[in-house]
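Keeping the supplied structure of chain A fixed, place chain B upon it in accordance with the hints.
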Amino acid sequence: MLSPTGRLMLDRRHFLAHAGSGLGGIALAALLAEQNLLANDARPLRPEVKPDAPLLPRQPHFPAKAKRVLTIFCSGAVSHLDSFDYKPELVKRDGQPLPGGEKLVTFQGANGNLVKPIWAFKPRGQSGKMVSDLFPTLADLADEMCFIHSMTAKSNTHGPAENQMSTGFTLDGFPSAGAWVSYALGSECRDLPAFVAIPDPRGVPQVGPNNWGSAFLPAVFQGTAFTADKPIPNLARPAGIAADADAATRDFLKVLNDEHLRTRPGDSELAARIASHELAAKMQLRASEVADLSKEPKTVHEEYGTRDKNKTKAGFARNCLLARRLLERDVRFVQLFNGSYAMGEGVGNWDGHRELKKQYDVHAPVFDQPCAALLKDLKRSGLLKDTLVVWVTEFGRMPTFQKGASGRDHNPKGFTVWLVGAGVKRAFSHGATDEFGHHAVENVATIYDLHATILHLLGLDHERLSFYHNGIERRLTDVHGKVISNVLA
Amino acid sequence: MTPLFLAILFAPVPGSAVGAVDFDAQIAPLFARHCSACHGATKQKGGLRLDRKADAIRGGDSGPAITPHKPAESLLLKKARNGDPAERMPPTGPALTDEQIQLLTRWIEAGAPWPDAKEAAAGSDHWSFQPLNRPPVPLPKRPNPVDHFLESRLQTLGLTFNPPADRRTLIRRLKFDLLGLPPTPTEVDAFRNDPTADAYEKLVDRYLASPQYGERWARHWLDVVRFAESHGFEMNQPRPNAWPYRDWVIKSLNDDKPYDRFAFEQLAGDTVGADAATGFLVAGASDQVTSPDPVLTAQQRADELHDMVATTGSAFLGLTVGCARCHAHKFDPISQVDYYRVKAVFAGVRHGDREVKSPERAGRAKQVAQIRAEIADTTRRLEDLEPLADPAATDARRSPVNARVNVERFQPIRAKFVRFVVFATNSAEPCLDELEIFSTGPDVKNVALASFGATLRSAGNYPASDRHRLEHLNDGKYGNGRSWISGQPGRGRVTVELAEPTEIDRVVWGRDREEQFSDRLATRYRIDTSTDGERWTVVASSDDREPMGSGSPAPPGLNDRDRKEWTALSRQLRDLRAGLADLLRAERVYAGRLTTPEPTYRLHRGDATAKRELVSPAALAEIGSPLTMPATAPDADRRATFARWVIDPANPLTPRVIVNRLWQHHFGTGLVDTPSDFGRNGAKPTHPELLDWLAAELIERKWSLKQLHRLMVTSTAYRQSSAASSDGLAKDAQARFLWRYPPQRLEAEAIRDSILAVSGKLDLTMGGPGFDLFEPNSNYVRVFTPKKTFGPAEFRRMIYQMKPRMQLDDTFGVFDCPDGGQIAPKRNRSTTPLQSLNLLNSTFLLQQAGFLAERVEKDAGAEPNARVKRVFTLAFQRPPSDREFSAAVALVKDHGLPALCRAVLNANEFLYLD
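Protein chains in written order, with UniProt numbering: chain A, 1 to 489; chain B, 1 to 914.
What the hints contain is simulated information worked out from the structure, not anything from laboratory work.
The beta carbon of each residue, even a glycine, is placed where N, CA and C say it ideally should be.
There may be inaccurate statements among the hints.
[Said to hold, decoys possible] Here are some, though not all, of the chain A residues that point toward chain B, as calculated from beta-carbon distances under 8 Å:
| # | residue |
| --- | --- |
| 1 | GLY112 |
| 2 | ALA248 |
| 3 | LEU293 |
[Said to hold, decoys possible] Every beta carbon over 10 Å from chain B, so not counted as near; a handful from chain A, in silico:
| # | residue |
| --- | --- |
| 4 | GLN96 |
| 5 | LEU171 |
| 6 | VAL300 |
| 7 | GLU328 |
| 8 | PRO365 |
[To be verified] PhoX-like cross-link-like pairs, simulated, lysine-lysine; straight-line CA separation at most 25 Å:
| # | chain 1 | residue 1 | chain 2 | residue 2 |
| --- | --- | --- | --- | --- |
| 9 | B | LYS416 | B | LYS357 |
| 10 | A | LYS50 | B | LYS787 |
| 11 | A | LYS154 | B | LYS611 |
| 12 | B | LYS869 | A | LYS254 |
| 13 | B | LYS787 | A | LYS230 |
| 14 | B | LYS893 | B | LYS858 |
| 15 | B | LYS893 | A | LYS254 |
| 16 | A | LYS282 | A | LYS295 |
| 17 | A | LYS154 | B | LYS45 |
| 18 | B | LYS787 | B | LYS251 |
| 19 | A | LYS65 | A | LYS254 |
| 20 | B | LYS788 | A | LYS230 |
| 21 | B | LYS477 | A | LYS50 |
| 22 | A | LYS50 | B | LYS251 |
| 23 | B | LYS611 | A | LYS103 |
| 24 | A | LYS482 | B | LYS45 |
| 25 | B | LYS826 | B | LYS706 |
Just chain A, same shape as in the assembly (with noise of 0.2 Å):
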C-alpha cells in the first residue's frame, strides 16, 4: 500500500508521461512533492470503485484528522442570536428600529423593531465564551467548540437552504455530504453502512431523504436512515417465516446463484451480488446489535435522559446513543436530525416565526442535555480525537421580530455553526456578524467553505474529489468553497 503522497507521486508521474515529456521519474516527483507544487495539480480526483466491493476503504487524498464526521443538523433554522452569537449592541438596542430595516422584506414579510435575545448570555468554561441559556447543559462545554459565526446561506427558505447545508446545491436531487464521503473514502466498517442518517422521533426533516441521498452517485452511497425506536425497513427476518425455513431459503438461493455464475465465470457484479447478500445476513446481526441499546449501563442512559418522561426528549437521547454507538463501530458518516417538519411550522422544530420563546422552551429541553451527553461521551471515549463533530442548522433568524408576531424571521445573512473534535481548534471563533447580528461581515463564510473544510479535514480535496456525471466534474462544493484554514487545529 503505498502512502497518499506516493500515490500523487504516480498520479504526477503518470500525467507526465502521459504529458510525453519522458522524464517521469521518482526523482523528479519527489523534488515536486518536496516543492508542494502538487498543490497546483487541479485534475478531478474520482475514486476507483470496485463494482463488487464499492464501500471497501479508500485512502484519503492527503494525511487526514478526522476518520469520520457526525452531523447534528438542527431542522428548522435555530436562533444564533438566542444561542451561540452573543451581540450586546442588541441588548442595548432592545425595541429599536433596525437601522435600515424599514421597508426590509424578508421570508414572511415586514419586520418590528430589534429584540434582545430571549436567553441571557453568560461567559461559559475557561475561556469565557458567552453563550446563552438556552442550551443550558451544552453551554458548559462551550470550551470544547470551535465556532463559525459568519456562515452564510443562499435561499431564504428551507426546502432549497436544507439541500444546499446536506448537498452544497439549492436545487433537489444532488448527492449529499455524507454520499461524497462515502464515495470517498469507502468505509471501515464491513457490516453496517457507510452512512446512516438518524431522523428526529417525530418525523423528518423539511427535504426529508435529499438530506441523504445519493442522487446521481450509485445507491451504494446513500445514507441508510433508521433510528434507535425505528430499525433499518426490511432489516429482520419477516414475522411469518421461521428461521430454519429462512435459511434453508437463502442456502437454496446460494445454490442457484453459484450454479448461474459458474456458467458465467469471472463477472464480477453477479459474484458481487452473492457477496451483498452474506453482506446483508451480517448486517441483520449488525444492525440489530447496534441498535440495541439495552446492554449501556444504566449511566450512560441517565446522562443521555434516553429513559427522561418527555417522550421526545426519551427518542431523541437513544438517538444520540445510536449515533455514539455507530461512530464506535466506525461508520464513516452519521448525520443526526433534530427536528421535523410533519407537524407544521415550528411545532416539532426550530422554525420560531411566531413565538419564538413558548417554541423554544419545548425545543431546547429536548436538545440539550441529550447532545450535551453525546459529546461529553465521545470525548471520554476517545472518539473525539479522529471524529469531527459538526452542528449545523439551515439558516439564521432576524435580530427583529416580525410585525404582529413575537418570533424572528429567517436570515440567511449571518448565521452560527460549530465544530467539534478531530482537526479543529477548541474554545475559537471564527469570524462575525454586525453588531445586531443581520449580516456576516467578517470572514464571511459560505456552505462551500464548510463543506471544503469538511473534507479537508477528512484528508480531501474538495476542489478535485469529483464524479463524472453526463458530462460535469460534478463536486460536493460545485466550482466553490475555500478550507476555512483559521479552524484547523
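Chain B in isolation, oriented as in the chain A frame:
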C-alpha cells in the same frame, strides 16, 4: 521554484525582439502560464477569462481587460505593472518580467490581434457540431449495415462477434429490452419451435407493435426529462394532473410518432393540439413555498426557468446549456447570453395546470355546468335534511364535523352580528376557508360576503401570512390558499358584522372545501348571534354533533324516511362530485400555464438580483442555423420557433442524440457514454461513423424510432451470445466494441413488473392516473409513509406509480431508481446489501411469492416435482438442472412452495439478462 523545475516546464519566452507579435507563439503561452489558473477554463476569477477571444475582449467584472491599440488604458497591463504586490497580477509568484510586459504592450498597440482559428478550436470544430456525414456502407458482408461498422472496428482489435445466442436467451433479452417484461413459457416454446427463417424478425415486429413497448420506453424518456409527480423541495405536494404527460409519451411512442414531431410537441404542443406534451416543460421541481420577499420570488422563478433551459438543452441537444447560467460555458461554444436567449424562449411558461384545448371541450363545459347545478341542488336538499342545531341538546343529533364543509341550520333569527368561537381543534390553530351566513326568504343570499358590506373582527390572526388572512373568510373564495387561521393554538374567535340586521337561518363553514387539508379543523365550537353586539344568543354548537370518527355518517337525529333520503342524496352527491372531478381532470393537465412572457435580462453571474441588459429569445448562436426573434414575440411563437430550430435537419445534434439513446438501452451503453452531453467535455463516440449513419438513417426514415429499433435489434451484434472470453475481456472488458452482448441488470421498474408478471398478478391496464405506494397524507409538508400492504390497485406496471420527487419506493428505489431531482440520462447499477434485504424480506415480495405459489399449485397440480418445474419455467423459462431440482424439491418438502418462490424471485438469473 528551482531552476530545474523552470528548465523543464518553462520554456524561455521567445521573441522579445522588435517586430510583429505572434499571438499563438508569444501571447497565448504567456496567458496560459501566468493567467489561466485563475482566468481560464476552470476558474474565472473576477468574471475574467483569458483563454478565449470573445471572453477576453468582453473582460470581467471590472470591465474590459484589453483595450485594443491603447495599452495605457488596458486594465490587464495596469494590473501587471502595479507596484503594490497586493494589487498586482498575477497575485502569486514573481511579477511579469519587463520583457513580457513589453510584449503585451506591443501586442495591444497592434490592436491585440487574436486569430479566429483559436476561437474555432475552442468550440465549433468539435465533432458533434459538424454536419451529419452519412458514411457509405461498402457492399456489406452482413445484411445489416450496423454490423458492418461494428465489425470493422472489432477487427482492428483482433476480435470478432460471438456466436448467436440461443433462442431462450434471445427472446428474454428482446422482450425485456422492448417491453420490459419476461416472456411467458408459451412464448418461449413458440419461438424455440418456429422453423421459419424470419422467426426472430416476426418476434421483433410483434413486440414493437405491443402497447407495452410504449410503457417500457417511456420510462427511459421520463428519466431523461426528470419527470415526477410531485413538486419537490420542502412541501413536495403531489401533482395530480401530471399523468397525462406520461400517457402522451407512452402513446406517442406506441404510435411511432416521428421523433421530430415528438420533440416539437414537447416544446410547443399547445400550438398543434397536443397540450399534454408540454408537460415536459414543467416536469421538473418547483418550490411551492411562496413569500413576499421579492429576492426569494425572483430566485425561485429563475430556478424554474433554469430547469426548463437545462433540461431542454440536455434532452434534445445533448448539451449542458445550463452551465452557461453564470458565465460562458467552459467547454462548449455557448455564451452566457445564449443561455438567457433560450431562457427568454420559455419566459411565458409557468408551473401549473392548464386547461386542455380539445374538440370535446365545449360539450364538456356544458356538462360541467350541468353537474355543478345538480351538485348545488343536491347539496341544498341535503342541507334541508340536516337537523336543526339545538344549543340546549347534549346528545348527538347531528353528524360529526368534517374538514370540507359543515352546515348549521337553526330557527330563523334576526342578527346584525354573528360570532364563531372555537374551543378545540384536531391540531394547531383553527383554520376556516370561508364562513357563510344565509338569509331567509325567497332571495337567499350569503350575507357574510364582504361584497355585501359585511365586516370582520377576530380575537387574533395567524401572523404574517399571504394565504391565511382574516379577509379571506368572506371573500367568496374557497380553499386553503384563501383561508383564515386564528392566532391561538386550539382556539379562535371571529365576528361578522352584517351590513344591516337580517333574518338568517343557516351558517356554513369549512376547513378546506378543496379537500387538500384536514388538519386545523375546529372540533368544539359555538355560533351565536346578536343584534347589538352585546347580548348574544347561541344558535348552534358542536355539543349536539357526534364526536369525530364515530357513528354513521348520517345525522343520528333523522327519522327513518329522512335517513333513507339522506343516504340516497349523499350517494348521489358523491357520484356527482366524482363525475365532476373526472371531467375537470380531463380538462386540466400539469403542462404549464402559458402567459405573456416576462422580460428576460442577462443576470450577472446568474444572480437573480443582478440584472443586466435585456435579452431577446433566440437559439444558440453557434449551433445549427442562426435564429433570432423579436423581443416582443408572443409566448407560443417563441417556443414553436425554437422547437423548429431544434428539429431542423441543419441541426446535427438532435438526431445524433436520440439514436444514441436508443443504442444505449439496446446495448447497455451508448455509442457516446454521456447520453445528455455531446459537448467537448462529454465522451467521444466509440463508433463515430456508425452514429452518423444511424442519425442520417433516422432522418431518411422520417424520424421513425421503431424502424431504428428494428435496425438495431436485428443486427448480428445484438443477437450474439453474451459469453465472456479471456481475449475479449483483456482487450475490451466493458464490451464497448461489442465482441459479446453485454449482460444487463434489470432496472427497478422491470424487476417489480417481472415479479408481478411471474406471480400472475400483473395488471396491464394502461393509462390514466397512477397508483400510490405511500399512504394518503394531507400535511402541508407532504409526509411519505410507505404502504405496508398491497392490493390489485398497486399491481399495475411501475411506470404508473404516482412517482413523488426525491422519495423513492421503499423496496425498489434502492435499485438505482432516479429521484426526479435532476435529469438521469444514464442509471447507475450498484449492488448493495439493502437491495438484498428489500427483495428478501419486504412485504411486497413475500406477498408475491405467495401468489406465485398459488399460481403454481393451480397450474401444476399436487405433484411436488411438477410444481418445482413449473416455478423454474415461469421464473426462468427453462427447466431446472439436476442439482437445482433436487435442492428445490428438498426445500419445498421442508418449508413449502412459497419458500422456493421467494428464492427464485431473488435469484441473479431473475435480475440479470444475458
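Comparing the hints with the structure gives:
Against a cut-off of 8 Å between C-beta atoms, the interface hint on A:GLY112 is violated, since the closest Cβ of chain B lies about 10 Å away. Of the supplied interface hints, the one on A:ALA248 holds, with its beta-carbon coming within about 5 Å of a beta-carbon of chain B, less than 8 Å. A cut of 8 Å between beta carbons decides the hint on A:LEU293: the least distance to chain B is about 22 Å, and the hint is violated. Every Cβ of chain B is farther than 10 Å from the Cβ of A:GLN96; the closest lies at roughly 21 Å, confirming the non-interface assignment.
A:LEU171, annotated as away from the interface, has a beta carbon of chain B within 10 Å; the closest lies near 6 Å. With a closest Cβ-Cβ approach of about 29 Å to chain B, A:VAL300 is found to remain outside the 10 Å limit, as its non-interface label requires. Annotated as non-interface, A:GLU328 keeps its C-beta farther than 10 Å from every C-beta of chain B; the closest such distance is 21 Å. Every CB of chain B lies more than 10 Å from the CB of A:PRO365, the least distance being 19 Å, so the non-interface label holds.
Proposed proximity of B:LYS416 and B:LYS357 is contradicted: the alpha carbons are some 47 Å apart, above 25 Å. Our distance criterion of 25 Å between C-alpha atoms is broken by A:LYS50 and B:LYS787, whose separation comes to about 35 Å. At most 25 Å may separate the alpha-carbon atoms for a hinted pair to count; A:LYS154 and B:LYS611 meet this at roughly 18 Å. Taken as a hint, the B:LYS869 and A:LYS254 pair is honoured in the structure, with Cα atoms around 18 Å apart against an allowance of 25 Å.
Restraint check for B:LYS787 and A:LYS230: satisfied, since their Cα atoms lie roughly 16 Å apart, inside the 25 Å limit. Straight-line distance between C-alpha atoms of B:LYS893 and B:LYS858 comes to about 18 Å, which keeps the hinted pair within the 25 Å bound. For the hint pairing B:LYS893 with A:LYS254, the CA-to-CA distance comes to about 18 Å; that is within 25 Å, so the pair holds. Using a Cα cut-off of 25 Å, the hinted pair A:LYS282 and A:LYS295 holds, with the two alpha carbons roughly 20 Å apart.
At most 25 Å may separate the alpha-carbon atoms for a hinted pair to count; A:LYS154 and B:LYS45 meet this at roughly 20 Å. The straight-line distance between the Cα atoms of B:LYS787 and B:LYS251 is roughly 30 Å, outside the 25 Å bound, and the hint therefore fails. At roughly 42 Å between alpha-carbon atoms, A:LYS65 and A:LYS254 are farther apart than 25 Å, so this suggested pair is violated. Between B:LYS788 and A:LYS230 the CA atoms are separated by roughly 15 Å; this keeps the pair inside 25 Å, and the hint holds.
About 59 Å separates the Cα atoms of B:LYS477 and A:LYS50, which puts this hinted pair outside 25 Å; it is violated. Between A:LYS50 and B:LYS251 the CA atoms are separated by roughly 40 Å; this puts the pair beyond 25 Å, and the hint is violated. For the suggested pair B:LYS611 and A:LYS103, the alpha carbons sit about 21 Å apart, so the restraint of at most 25 Å is met. Distance restraint check for A:LYS482 and B:LYS45: the Cα-Cα separation of roughly 14 Å lies within the 25 Å cut-off, and the hinted pair is therefore satisfied.
Under the criterion of a C-alpha separation no larger than 25 Å, the hint pairing B:LYS826 with B:LYS706 is consistent with the structure, at around 21 Å.
Taken one by one, the earlier hints fail for this structure at numbers 1, 3, 5, 9, 10, 18, 19, 21 and 22, listed in ascending order.
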